[in-house]
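Enquirer: Turn these sequences into a full structure, and let the hints steer you where they fit.
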Amino acid sequence: MTSKKGLILVFIAALLLSIGGLCIKQIPWQPLAINSFRSIISVALLVVFAKLIHRPFKLTKGVVVGALSVWGATTLYTVATKLTTAGNAVLLQFTAPMFVILLVWLVFKERPKGLDVVACVFIFGGVLCFFLDSLGSGRFVGDVIAVLSGVCYAGVFLMNKMPGGDPLWATILGQSLGALVGLPALVGETQFDSTSVFYGVLLGVFQLGLAYALLTTGLQYAKPVSASLVTGIEPVLNPILVALVVGETLTTLSLIGGAIVFVSVMTYNVLTVKLEKREQEAQPQTIGAEGP
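Those letters in the sequence shown? Residues 3 to 294, per our numbering, in order.
Hints are supplied without guarantee of correctness; some may be wrong.
Said to hold, decoys possible - Derived DMTMM-like pairs: lysine to aspartate or glutamate, alpha-carbon spacing no greater than 20 Å straight-line:
#1 Lys225 <-> Glu278
#2 Lys225 <-> Glu283
#3 Lys27 <-> Glu250
#4 Lys27 <-> Asp195
#5 Lys6 <-> Glu283
#6 Lys27 <-> Glu191
#7 Lys163 <-> Glu112
#8 Lys7 <-> Glu278
#9 Lys84 <-> Glu191
#10 Lys225 <-> Glu112
Hints listed in this document are in silico derivations from the structure and should not be mistaken for laboratory results.
Expert: Right, dumping it as structure tokens:
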């Protein structure tokens, strides 16, 4: 599989992930209970998927770190969606590319380029708009948790770079942890009406199960930064679906912050792809110029 096909899988995964805000808003349970319910379903599907593709399980440091990243990203996002608007939660989680750049620098010692630094500055400016808007609104805690979910989500895109990393089994372990941690809250829920169960199943089958099967497969071939940026369709569709069905909208300042984050990330993606193409085109010429 080529890098392009890997990015296509990541893009489809992002489409499925975008239904998360709508589904979570429709379920009147505690966030940990919602995450547990959807994780139980997703883990069952992903284990079957692992068996079908004959992926053996190996417990390594990379798998453990990846599992913690998945657990943090999925759990914190669910909590954030309940405490702030769905748009704020997904747009702040979309700061993940900034943290990918920082983690690649700090952990893997790959120094960021000038374009990386500029992108981080603009993304941070967008995040600042969210926090200024949430002061005194009761959404501040939810916005902070959403940013933390972005940090963990960055780890998800780095699972393949970690020594001994296995995105699929890291996802299975991470979601299993989410299922166990939220199980007491799930058992304590009493409102298991058809609507709650329906949206819970949608989350488990499509938003976590199928989405992460595609995401972990695509991550094996796509570069971490490129993959994290291709998911840009999610923060666009997520709040639109919630606005259409639930009627929840973003404030003006949040819209400005979201626009800054989204445009910064997507512009960075386009410029990065162009620079990589130029480097690839220049490389054969350099070799030829050196001679035998």
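Enquirer: Compare the distance between the alpha carbons of Lys225 and Glu283 with 20 Å, and conclude whether the hinted pair is satisfied.
Expert: holds (19 Å)
Enquirer: Is the hinted pair Lys225 and Glu112 satisfied, with a Cα-Cα distance of at most 20 Å?
Expert: Given pair Lys225, Glu112 holds - Cα atoms ~14 Å apart, limit 20 Å.
Enquirer: Does the alpha-carbon distance linking Lys27 and Glu191 stay inside the 20 Å limit?
Expert: Between Lys27 and Glu191 the Cα gap is close to 16 Å, so the pair holds against 20 Å.
Enquirer: Measure nothing beyond the straight line between the CA atoms of Lys27 and Glu250; if it is 20 Å or shorter, mark the hint as holding.
Expert: holds (10 Å)
Enquirer: Take a quick look at whether Lys225 and Glu278 sit within 20 Å of each other, Cα to Cα.
Expert: holds (12 Å)
Enquirer: Within 20 Å, alpha carbon to alpha carbon, are Lys6 and Glu283?
Expert: Given pair Lys6, Glu283 holds - Cα atoms ~17 Å apart, limit 20 Å.
Enquirer: Take the C-alpha atoms of Lys7 and Glu278, compute the straight-line distance between them, and say whether it is at most 20 Å.
Expert: holds (17 Å)
Enquirer: Taking only the CA atoms, is the gap from Lys163 to Glu112 under or equal to 20 Å?
Expert: Roughly 12 Å between the alpha carbons, so the hint for Lys163 and Glu112 holds.
Enquirer: Is Lys27 within 20 Å of Asp195, Cα to Cα?
Expert: Answer holds: Lys27 to Asp195 is near 15 Å, not above 20 Å.
Enquirer: CA of Lys84 to CA of Glu191, is that 20 Å or under?
Expert: Judged against 20 Å, a Cα distance of about 16 Å means the pair holds.
Going down the numbered hints, you'll see the structure goes against none, and every one checks out.
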